[in-house]
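Asker: Residue-level listing of the chains:
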Amino acid sequence: SQKIEQNSEALNIQEGKTATLTCNYTNYSPAYLQWYRQDPGRGPVFLLLIRENEKEKRKERLKVTFDTTLKQSLFHITASQPADSATYLCALDILNDYKLSFGAGTTVTVRA
Amino acid sequence: SAVISQKPSRDICQRGTSLTIQCQVDSQVTMMFWYRQQPGQSLTLIATANQGSEATYESGFVIDKFPISRPNLTFSTLTVSNMSPEDSSIYLCSVAGGGIGEQYFGPGTRLTVT
Numbered sequence: 001s002q003k004i005e006q007n008s009e010a011l012n013i014q015e016g017k018t019a020t021l022t023c024n025y026t027n028y029s030p031a032y033l034q035w036y037r038q039d040p041g042r043g044p045v046f047l048l049l050i051r052e053n054e055k056e057k058r059k060e061r062l063k064v065t066f067d068t069t070l071k072q073s074l075f076h077i078t079a080s081q082p083a084d085s086a087t088y089l090c091a092l093d094i095l096n097d098y099k100l101s102f103g104a105g106t107t108v109t110v111r112a
Numbered sequence: 001s002a003v004i005s006q007k008p009s010r011d012i013c014q015r016g017t018s019l020t021i022q023c024q025v026d027s028q029v030t031m032m033f034w035y036r037q038q039p040g041q042s043l044t045l046i047a048t049a050n051q052g053s054e055a056t057y058e059s060g061f062v063i064d065k066f067p068i069s070r071p072n073l074t075f076s077t078l079t080v081s082n083m084s085p086e087d088s089s090i091y092l093c094s095v096a097g098g099g100i101g102e103q104y105f106g107p108g109t110r111l112t113v114t
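Line order of the protein sequences matches chains U and F. Under our numbering, the first residue of the first sequence is numbered 1, with each subsequent residue one higher. Under our numbering, the first residue of the second sequence is numbered 1, with each subsequent residue one higher.
Hints in this document: simulated from the structure, not taken from any laboratory.
DMTMM-like, lysine to aspartate or glutamate: derived pairs with alpha carbons at most 25 Å apart: (1) U/3 with F/87; (2) F/7 with U/39; (3) U/99 with F/58; (4) U/3 with F/86; (5) U/99 with F/86; (6) U/99 with F/64; (7) U/99 with F/26; (8) U/3 with F/58; (9) U/17 with U/84; (10) F/65 with U/97; (11) U/99 with F/54; (12) U/99 with F/87.
Taking beta-carbon pairs under 10 Å as the criterion, some of the chain F residues facing chain U (in silico): (13) 6; (14) 44; (15) 97; (16) 102; (17) 110.
The structure displayed is predicted, hence computed values, not measured ones. In this text, a Cβ means the ideal position worked out from N, Cα and C, and glycines have one as well.
Looking at chain F on its own, in the form it has when it is part of the complex:
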């Protein structure tokens, strides 16, 4: 299994600003994912971040709003740009386990936009 940390754990931001969330993994992994969990709801995949290639975004998510970096095999960032209150969510990163298809998740970043 992989151990994943995220920074910050939570933040309160003003609308119109941007926040960059960091995801650090304790081992080298090829596939990293970013999810959003809106209040009281389940997880929705935002994008897949593979090292050495552009992130691929799911329907409803665009690079201008959620730019992602993946500079190496242990680290990724997700930026939430030009935030509005609708962006208030928990943002989670995960990695593919490399075994049978399971994923390991970070603890999440709780974002509140006022």
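So that you can see chain U by itself, here it is in the shape it has in the complex:
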């Protein structure tokens, strides 16, 4: 079965530094991969989607890479701010049917 692993449960970084989160998957080759942000007590919020033929995608201070050979996506938050503190989830649409499988998430805490 498809397995989605995010590198660590928690990441603590200093304000201004870059946070790098990892999402690894097995047993399938998804057409695209998504990243969401979830704050406590709230539903996930869509951030970025990257397709299999795209190596990199950017949105403001966020950057996502997608390596289909390694079956890995990296999610970077540059110039991090305390407001970036949240849980970040990667998600795959394994069968291209809009049904998402989520990783366990990485909780990022940015210290001022």
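Dock chain F against chain U, hints included.
Answerer: Same frame as chain U, but now just chain F:
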């Protein structure tokens, strides 16, 4: 993007009872989804609810336990039936964005079963 509301936002229920959760979207959407997020865990898809057809359930979820209605393109309900403490979770609905595959989520319903 779509704006999604859920009712109730939270509830505390006794075991053996049922709770119906409502999901309202501010625009017409074809595909709606229901997820469960157990304490400290990630999201697990329960079922897909498309208007005009029966909901399709993921492995481990059955209609008798989680009946779903989808009467129109802006509304859906999920019922958690014959509840046990193991059903204590956050239940979220989402809709497909219609663009590139992204989904928009409601705020969730936090259910505690005692």
